[in-house]
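A.B. asks: The primary structure of each chain is shown beneath.
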Amino acid sequence: MYDTVAPFLGFWTVGTIVTLGLSAAVFPAALAIGLVAAFSRFSNVAAIARLARAYSSLFRGLPELLVIFAVYFGSSILLQKLKATSGVALPGLSPFVAAFIALAVQFGAYASVVFADWLRVFPKGLIEAGAAVGMSPARVRRRIIIPILLRQATPSLGNLFLVLLKISALASLIGVEELSRRTGIVAGSTREPLLCYSVAALLYLCISAIAGLLQAYIERRARRTGRV
Amino acid sequence: MQMTRILAMAAGLWLASTLPGFADEPIRIGIDASYRPFAYVDEQGNLAGFEVELAKAVCEEIKAKCDISNVPWDGIFAALEADKIDMVGTTVTKTPERAAKYDTSITINRVGYGFMVPESTDISKGIEGLKGQPIGTINGTEPYYKFIRGMVGDDADIRGYPSPDAAVLDLDAGRIGAFMSDNFQLQGQFISTGKYKFVAEPDYDSKWTGAGRGWIFRKGSDALVKRIDEGLKGVMAKPIFQEMAMKHFGMRLRTE
Amino acid sequence: MPDILFQDKLWSAVFSGLVVTLALTVFSMILGLALGTIVAVARVHGGRWLSLAAGAYVFVLRGVPLLILLFLFYYGLPRIPLLRGTWFWDLVLVSPFRTALFVLALNNSAYLAEIIRGGLLGVQRGLVEAGRAVGMSSFLIFKRVEAPIALRAILGNLGNETIAVMKASAITSVITVHDLMGGPTVVGNLYLDPFTPLLVVGVFYLALVAVIDFGVGRAQSWLKVSAGPMPSG
Chain A
1 MYDTVAPFLG FWTVGTIVTL GLSAAVFPAA LAIGLVAAFS RFSNVAAIAR LARAYSSLFR
61 GLPELLVIFA VYFGSSILLQ KLKATSGVAL PGLSPFVAAF IALAVQFGAY ASVVFADWLR
121 VFPKGLIEAG AAVGMSPARV RRRIIIPILL RQATPSLGNL FLVLLKISAL ASLIGVEELS
181 RRTGIVAGST REPLLCYSVA ALLYLCISAI AGLLQAYIER RARRTGRV
Chain B
1001 MQMTRILAMA AGLWLASTLP GFADEPIRIG IDASYRPFAY VDEQGNLAGF EVELAKAVCE
1061 EIKAKCDISN VPWDGIFAAL EADKIDMVGT TVTKTPERAA KYDTSITINR VGYGFMVPES
1121 TDISKGIEGL KGQPIGTING TEPYYKFIRG MVGDDADIRG YPSPDAAVLD LDAGRIGAFM
1181 SDNFQLQGQF ISTGKYKFVA EPDYDSKWTG AGRGWIFRKG SDALVKRIDE GLKGVMAKPI
1241 FQEMAMKHFG MRLRTE
Chain C
2001 MPDILFQDKL WSAVFSGLVV TLALTVFSMI LGLALGTIVA VARVHGGRWL SLAAGAYVFV
2061 LRGVPLLILL FLFYYGLPRI PLLRGTWFWD LVLVSPFRTA LFVLALNNSA YLAEIIRGGL
2121 LGVQRGLVEA GRAVGMSSFL IFKRVEAPIA LRAILGNLGN ETIAVMKASA ITSVITVHDL
2181 MGGPTVVGNL YLDPFTPLLV VGVFYLALVA VIDFGVGRAQ SWLKVSAGPM PSG
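Chains as they are written, first to last, in our numbering: chain A, 1 to 228; chain B, 1001 to 1256; chain C, 2001 to 2233.
Source of the hints: derived by calculation from the structure; they are not laboratory data. Fair warning: this is a prediction, and the values are worked out from it, not measured in the lab. The beta-carbon is built from N, C-alpha and C at its ideal position, and this holds for glycine as well. Take the hints with a grain of salt, since some may be wrong.
With beta-carbon atoms standing in for the labels, derived distance ranges [stated by the list, open to error]:
(1) A1100/B - A2056/C: 47 to 57 Å
(2) G2215/C - S1120/B: 19 to 29 Å
(3) K1226/B - P2002/C: 41 to 51 Å
(4) V2203/C - E1230/B: 40 to 50 Å
(5) L82/A - E1230/B: 27 to 37 Å
(6) V2203/C - S1120/B: 45 to 55 Å
(7) S1192/B - G2215/C: 14 to 24 Å
(8) S1120/B - L2091/C: 23 to 33 Å
(9) L202/A - G2085/C: 24 to 34 Å
(10) Q2007/C - I1240/B: 16 to 26 Å
(11) Y2/A - L2091/C: 30 to 40 Å
(12) F2015/C - S1120/B: 38 to 48 Å
(13) Y2/A - D1083/B: 41 to 51 Å
A short, non-exhaustive set of chain B residues, derived as facing chain C with CB atoms under 7 Å [unchecked claim]:
(14) F1077
(15) G1140
(16) E1142
(17) R1159
(18) P1162
(19) A1173
Within a straight-line C-alpha distance of at most 20 Å, the following computed PhoX-like cross-link-like pairs (lysine-lysine) qualify [stated by the list, open to error]:
(20) K1226/B - K1207/B
(21) K1056/B - K1247/B
(22) K1146/B - K2009/C
(23) K2009/C - K1101/B
(24) K1226/B - K1146/B
(25) K1226/B - K1065/B
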């Protein structure tokens, strides 16, 4: 039974790498966007705070498929219009890049909520200590708040990464040949869906194991040294 | 300077390549290669299957360059409408709705609709006997839904499955009383194994089966459709057409 | 105006799908929170073997995609003849909806366990030690110190998870359960409009998210979570 799927393992592994690569690329971008959005939520400028809250509500609310389609097909349409009106032909977004943008923006919204949460219960004493030593607000943010924030949010961010890993499967609908799609293809070629899904489960567990080990390492280090 | 000239040439070539008619642009065909033997990916990672071979044969017949890509079914019509592909190479039923919204090729084959049950089931009551049981079919295939409702009743409990293999797994598990699909698939993929059988003779009535199966294009692709139709007519007139069918399905295709 | 908007089929799919989404979300959150809290406490406060077992539970149920979990549970388990006559078959497996709920709850509980664990771990050691110094028992410390702080820290996160579950329930179409996402996209297939149903459904999801966000905000103000630690500027 396993000989039917064995020849596809190479094909399958490439899909695994694409899934891992896409998620690994999106995650830091999402974290960066999330941090900016989280801090903006508490800005003294009302417009910025409102914008940050609207961003997080909007992109958590929209179905991921809609955003991916909007970025990929929408950019195509925009570029076509641009070409029609001005004759300038710019290269379109590749499916991978479109998926990257869509996922980073969406998961940035989720990350911003996680960070905002921890910001709300952040011990004020630490900030005041920083100010007392003469640090500027930006410095306080960079040296005190962000490292602690990242450490506290690590389990939630670990969650987020695993969710991202699975959602990245939607990128297959615009042509990114990642693990889920490749699993479906192998299931269609071998006509053994149960077997193929079991193998895929193992492949996904491998990726999750790598992510989990990384997360445990970060958590262990943070607990020991008090910093990330 | 040397660099500037090279860059200028490159820019010029690139801009020129976006002008229509610069190169003989290939026909971009999207096929969902996830179901053997219709279209699948072989062990070397290449596209294979009846639909793929037919598309290649047609392109050869009209001497056109074709780019066949593997597009998931759920994204295939979006890709067609957004001009990422020119044609859907997966053979689909030419329903009136599809004919209104898209351009279609000539009919490639005609299928009959039927209900399939496990070999051991008592079929003495025929389709009447299916009333009251959940019936499985492929998710979203409206012609199939209409057929089931027409045959078994408007209140039929229709379960839509993502693939025929999933539906048959549930048939085995006893969650559905029968699986409804086209006779081509049922016969070739399942009944031929001896584990299943038809409840009744497959129904070819065009009230249900529409105008048969063909390829789909964006509305207004008249020139392309004409070329492809000519290719199809050419290939379908040659023995290679039924040879491909025999090779992949073990059955001949019905074209009338 | 895309004419799919005038089709009864679309709106009946939207509303029946809405009911399914809400039912799946609410019940899997409740079950998930119950299970998840047990698992989280096991991981944080449990002994070596207990926390290892809890860790394995979280690892498998988060690591395997919901699609695969659903597929293997729903299509795979019936092939084990032993299970067929049992109460599990009659109560859960025979019904696609109940199987979906069961698997969603399990999957959800693993994510929730991590969120709750994160909340518990984020409680500053000093506060716990202060509690110990005044002679509180571990249980009392949990009840009076850890749980309240953890709860406030993770409310937004819980909101995130609820939203994620709500959207994830779309995958249940693979076992023939059609929710807010699954039903309308099938109608979209029928009327050959892949985009309009997504937009309609998007509006509904936005509304649901607004409700969830509102709920989280109210919970936060009711629990008197502070407005933010930021220095001015």
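A.B. asks: Under the criterion that the straight-line Cα-Cα distance not exceed 20 Å, is the pair K1146/B, K2009/C satisfied?
C.D. replies: Holds, because 13 Å separates the two Cα atoms, which is no more than 20 Å.
A.B. asks: Check the following: the C-beta atoms of V2203/C and E1230/B are separated by a distance inside 40 to 50 Å.
C.D. replies: 46 Å, holds
A.B. asks: For the restraint on G1140/B, tell me whether the closest CB of chain C is nearer than 7 Å.
C.D. replies: 4 Å, holds
A.B. asks: Against the range 45 to 55 Å, how does the distance between the Cβ atoms of V2203/C and S1120/B compare: consistent or not?
C.D. replies: 49 Å, holds
A.B. asks: Do the beta carbons of S1192/B and G2215/C sit within 14 to 24 Å of each other?
C.D. replies: Given a distance of about 56 Å, which is not inside 14 to 24 Å, the answer is violated.
A.B. asks: Against chain C, run the beta carbon of A1173/B and see if the smallest gap drops under 7 Å.
C.D. replies: 4 Å, holds
A.B. asks: Taking the Cβ atom of Y2/A and the Cβ atom of D1083/B, is their distance within the range 41 to 51 Å?
C.D. replies: 42 Å, holds
A.B. asks: Against the 20 Å threshold, does the CA-CA distance of K2009/C and K1101/B hold or violate the hint?
C.D. replies: 18 Å, holds
A.B. asks: Holds or violated: P1162/B as interface residue toward chain C, Cβ cutoff 7 Å?
C.D. replies: Since the shortest Cβ distance to chain C is 5 Å, the answer is holds.
A.B. asks: Quick check on R1159/B please, does its C-beta sit within 7 Å of some C-beta on chain C?
C.D. replies: 4 Å, holds
A.B. asks: Measuring from the C-beta of F1077/B to each C-beta in chain C, is the shortest one below 7 Å?
C.D. replies: 5 Å, holds
A.B. asks: Can you tell me whether the CB distance of L82/A to E1230/B sits inside 27 to 37 Å?
C.D. replies: 35 Å, holds
Hints 2, 3, 7, 10, 20, 24, counting from the list given before, are not met by this structure.
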